[in-house]
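Required output: the full structure, derived from the provided sequences and hints.
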Amino acid sequence: MSGFDKVVTSYAEALDGLEDNMTIIAGGFGLCGIPENLIKEIKRRGTKGLTIASNNAGTDGNGLGLLLEDRQIKKMISSYVGENALFEAQMMSGELEVELTPQGTLAEKMRAGGAGIPAFYTATGYGTPVGEGKEVREFNGRHYILEEALQGDFSIAKAWKADRCGNLMFRKTARNFNPMAITAGKISVVEVEEIVEIGELDPDEIHLPGIYVNRLIKGTFEKPIEQRTVRSA
Amino acid sequence: MALTRDQLAQRVAQEFKDGYYVNLGIGIPTLAANFIPDDMQVMLQSENGLLGMGPFPLDEEVDADLINAGKQTVTMAEGASLFSSAESFAMIRGGHVDLTVLGAFEVDCQGNIASYMIPGKLIKGMGGAMDLVAGADNIIVTMTHASKSGDSKLLSKCTLPLTGKGCIKRVLTDLALLDIEDGKFILRERAPGVSVDEIAKLTSGELVIPEHVPEMVF
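From first to last, the protein sequence lines stand for chains S and H. Take 24 as the starting number for the first sequence in the numbering used here and just add one per residue. Take 12 as the starting number for the second sequence in the numbering used here and just add one per residue.
Please keep in mind that the hints were generated in silico from the structure rather than gathered at the bench. Do not rely on the hints blindly, as some may be mistaken.
Here are the simulated lysine to any residue pairs, SDA-like style, with alpha carbons at most 20 Å apart [said to hold, decoys possible]:
{"#": "1", "chain 1": "S", "residue 1": "K195", "chain 2": "S", "residue 2": "P226"}
{"#": "2", "chain 1": "H", "residue 1": "K176", "chain 2": "S", "residue 2": "K195"}
{"#": "3", "chain 1": "S", "residue 1": "K195", "chain 2": "H", "residue 2": "D70"}
This is the structure:
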């Protein structure tokens with residue numbers, strides 16, 4: 024690595040410094056746009072006691088579901104955790120802590136974490152279990168709760184295309200939580216399908232500037248589909 | 012007769028207006044997309060980050076990078092746009108979506124809604140439902156009026172943990188269309204062949220019955 028060149032050549036190097044009990048912010052929605060190879064590398068490293076903020080927790084055998092197999096996750100911060108039998112079992116037995124967070128609040132907590140905003144008020148969750156114990160303020164006759172930003176020791180994410188200095192383009196709905204997750208990690212690691220030379224991307228078409236990206240790696244992806252739904256011709 | 016799933020979806024679609032941006036929840040709300048009138052343009056928002064959702068893909072069109080909020084493969088309609096989840100919920104929270112339709116376990120006559128959690132049973136999470144009910148002004152809740160054993164789901168006070176407080180103004184059940192005003196349910200329409208008495212019997216929260224309650228027309 025030199026200058027603005029963020030490219031690393033091995034997944035081991037990509038996650039160098041990841042230790043037990045760290046917090047990771049992860050991109051992806053369901054199994055769409057998940058950093059599948061970085062997750063596999065965390066499994067290979069055997070890092071334990073992790074707190075992971077991610078909208079979902081994968082499925083049995085896919086995505087973050089892989090890290091449940093060896094009980095590597097201590098706590099999940101997610102909006103929806105269905106579709107995963109192992110997750111249910113560990114949650115019900117109390118080995119896995121879960122902080123259910125509304126989807127939009129989760130996205131905004133990551134965005135705020137990356138944007139230097141320590142907390143924000145939102146109407147989402149007021150008067151519900153999510154609002155319990157949180158500061159309430161009234162603005163223009165409406166109640167809002169204070170939600171704190173999220174930051175991670177690492178963030179792991181997936182983009183479609185990058186140049187070597189980490190300018191990123193995402194593809195379709197695989198963008199989802201990825202841009203915010205990347206900004207919220209002290210060390211952000213992004214895997215992509217294609218890396219081009221600096222200057223090859225049109226600056227107007229970059230979705231996330233490389234300033235947020237620390238390490239970049241090119242991977243190959245399985246892209247599993249959770250609900251393959253088709254219409255007939 | 013109680014409305015079928017398709018009739019519920021059809022009645023929801025009658026609330027669409029030309030030029031509306033609409034977020035449809037998983038289940039019956041999603042079916043409403045099948046009943047958008049041909050002479051009307053409605054753009055569907057999928058909260059994972061797509062505005063302008065099209066129909067399910069043909070087998071050869073399936074793209075793992077293009078899914079809806081229910082994680083189903085979809086396509087994009089003409090004029091679609093793509094964005095991050097933060098942008099998506101900015102649209103929702105900021106009140107830019109014209110109509111939101113979602114399901115529920117219970118609603119009450121204070122406009123409270125419970126839709127994401129049954130204590131003691133499996134907890135799957137609220138997904139985007141809390142943001143949607145807090146952000147939208149125009150919401151229709153679709154649900155069954157009562158449980159199979161005849162217990163009302165339209166209550167004076169929700170018994171389950173809330174998804175949102177005081178945010179619901181319109182409920183469409185398999186038996187009736189009701190508004191919520193000043194702490195009361197107002198019966199607006201009944202399903203074809205369903206009597207006002209039958210609806211009243213299965214509504215546990217305070218119910219106002221106007222002199223004339225028309226049958227729904229399909």
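So, going through the hints one by one against the coordinates:
1. K195(S) <-> P226(S): 19 Å, holds
2. K176(H) <-> K195(S): 34 Å, violated
3. K195(S) <-> D70(H): Holds, at about 18 Å.
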